[in-house]
Amino acid sequence: MEAQEAMISVNNVDKFYGTFQALTDVSLTVQQGERVVICGPSGSGKSTLIRCFNGLEFHSSGSIRIDGIEVEEDSKDLRRLRQEVGMVFQQFNLFPHLTILENLTIGPMKVQKIGKSEAEARARKYLERVHIPEQADKYPGQLSGGQQQRVAIARSLCMETRIMLFDEPTSALDPEMINEVLDVMVELADTGITMVCVTHEMGFARKVADTMVFMESGKIVEVSPPEKFFTNPESERCRMFLNQILEH
Amino acid sequence: MRRILKKLHWMDAVILLVVVALGGYIATRIGAELNYNWRWDKIPNYLYRYKASEDAWVPNLLMQGLFATIRITIYSSILALILGVILGVARVSENLTIRMLARTYLEFLRNVPPVVIIFIFFFFLSEQLISALNMERWARGIARSENNEIWSFLFGDMRRFPALISGVIVLALFESAFVGEIIRAGIQSVPKGQREAARSIGMSRGQELRYIVLPQALKKVIPPLANQFITLVKDSSLVSLISVPDLTFKTIELVASTRMIFEGWFTAAAFYFVICFGLSMLFRRLER
Ligand SMILES: Nc1ncnc2c1ncn2[C@@H]1O[C@H](COP(=O)(O)OP(=O)(O)O)[C@@H](O)[C@H]1O
Ligand SMILES: [Mg+2]
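Chains as they are written, first to last, in the working numbering: chain A, 1 to 248; chain B, 1 to 288.
Looking at chain A on its own, in the form it has when it is part of the complex (with noise of 0.2 angstroms):
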């Protein structure tokens, strides 16, 4: 494989539900270790872009390709795409029926086969990082939700993928827990993994975004630094945005 190529490359798809329009001639290229937020209000195809990323939807045209992966429904290469692209939902989604360990360890050891004894090293290890080693043995019913959202990041980082999705992670939290969640995030994101955020967490973009992405109607409207993103965004309608969100 090329040593050049961007780990996410998007040209020019459209995604349609049924003969609702959702994606517009989207394209966007993210490089190996970018970390990219993606705001932009409610409705406007954000979820729909980055699901597309790790084949929960599938585009209706254009390309995607992910670390070198053509992602196409149906295509063998599918669960080895999905084995690149960890995913950390809004809701949460840890599996309640089993205790946190197995949350994080049957990833591991069903998709990757791995032993045991090693997938639960493994598991510990990134309950360590997301700063919860003590409730391994718990079930998640029984955490808070900061505390679910942090095991639910630590059960995407034990399969070690290279990419890492964050759709609003941190929208179904209590206020007094965002901060627990994005300080995580943060960490994460100097470990150089590929991140990719929708978030309106405009203190979290400002902290660790290289590039931000502003959606509307199912188009990109704009793509710039953050510096010139916060200040000096070029399309009225974004700026529109941020004053609505910056306000309170």
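Note that these hints are calculated values from the structure, not bench results.
Among the hints, erroneous ones may be present.
List time: in silico DMTMM-like cross-link candidates among lysine to aspartate or glutamate, alpha-carbon distance up to 25 angstroms [as the list claims (entries may be wrong)]:
hint, chain 1, residue 1, chain 2, residue 2
1, B, Lys51, B, Glu208
2, B, Lys192, A, Glu72
3, A, Lys138, B, Glu208
4, B, Lys192, A, Glu128
5, A, Lys138, A, Glu160
6, A, Lys116, B, Glu208
Please arrange chain B with the ligands on chain A, whose structure you already have, making use of the hints.
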């Protein structure tokens, strides 16, 4: 008991009295008008009878039937559970053909009377299967052999083994559709996010089902499955139509040969009631 008695109003007492009086009236009418001769004292003999040649008490018609009913219920519920899980998974399959086949089977069972279904399954499936496997001869061989205690503990009289097995198959096929619907509902009750999380860590569809969806679905389906099991006990009387020697079939035999119509059917009803009511009490307790 005290508390229940305290709650009884005089109106309730009147209602109870009327019901009892009505029952007594019907009973005496049966005795007088139909010239019916109550012979409850004969019933125990049809539960167990003394066999002089073996110097032992052996089960007679009613108990034979009861044991057959219990065996049929247990085996067909196991088979129905297996078939039902397959059917439930098929109902939510991504493959349209599989989904349609499962749906067709279910709609057939829902919209055709049980008796008709029982006959169709019997003649078109279990009869064919039994003759194709040459089960008849095999069972007779075991019945004649010396050490057949285990076999007869499991399946009763081995000479009637083919009948028992067709009863089990027919009943299991019949119930599988309803079990399948329960399983499907259980699978669909697992939030979509669970499947997405499983898929996003790279699980295959099979792994997703096995490790994530089914374990969560199974917890939710246990109460409705328990109810379905009780229904199956009652539905098992349908297999008497295809000459499976279950409790209902044996009661028909008893009534035909002794004319003890009321005693025979009341005893059969009591057996079914005790089993089903007992099970429902048990499940209710386990649920807590
Ligand atoms: N599965 C779906 N079926 C139909 N429409 C959908 C589906 N998912 C999302 N949409 C629509 O696509 C648009 C973009 O949704 P989404 O990507 O979730 O937006 P965002 O994440 O930016 O809020 C919305 O109008 C939404 O209603
Ligand atoms: Mg969204």
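- Against the earlier hints, flag every one the structure doesn't satisfy and list their numbers going up. 1, 4
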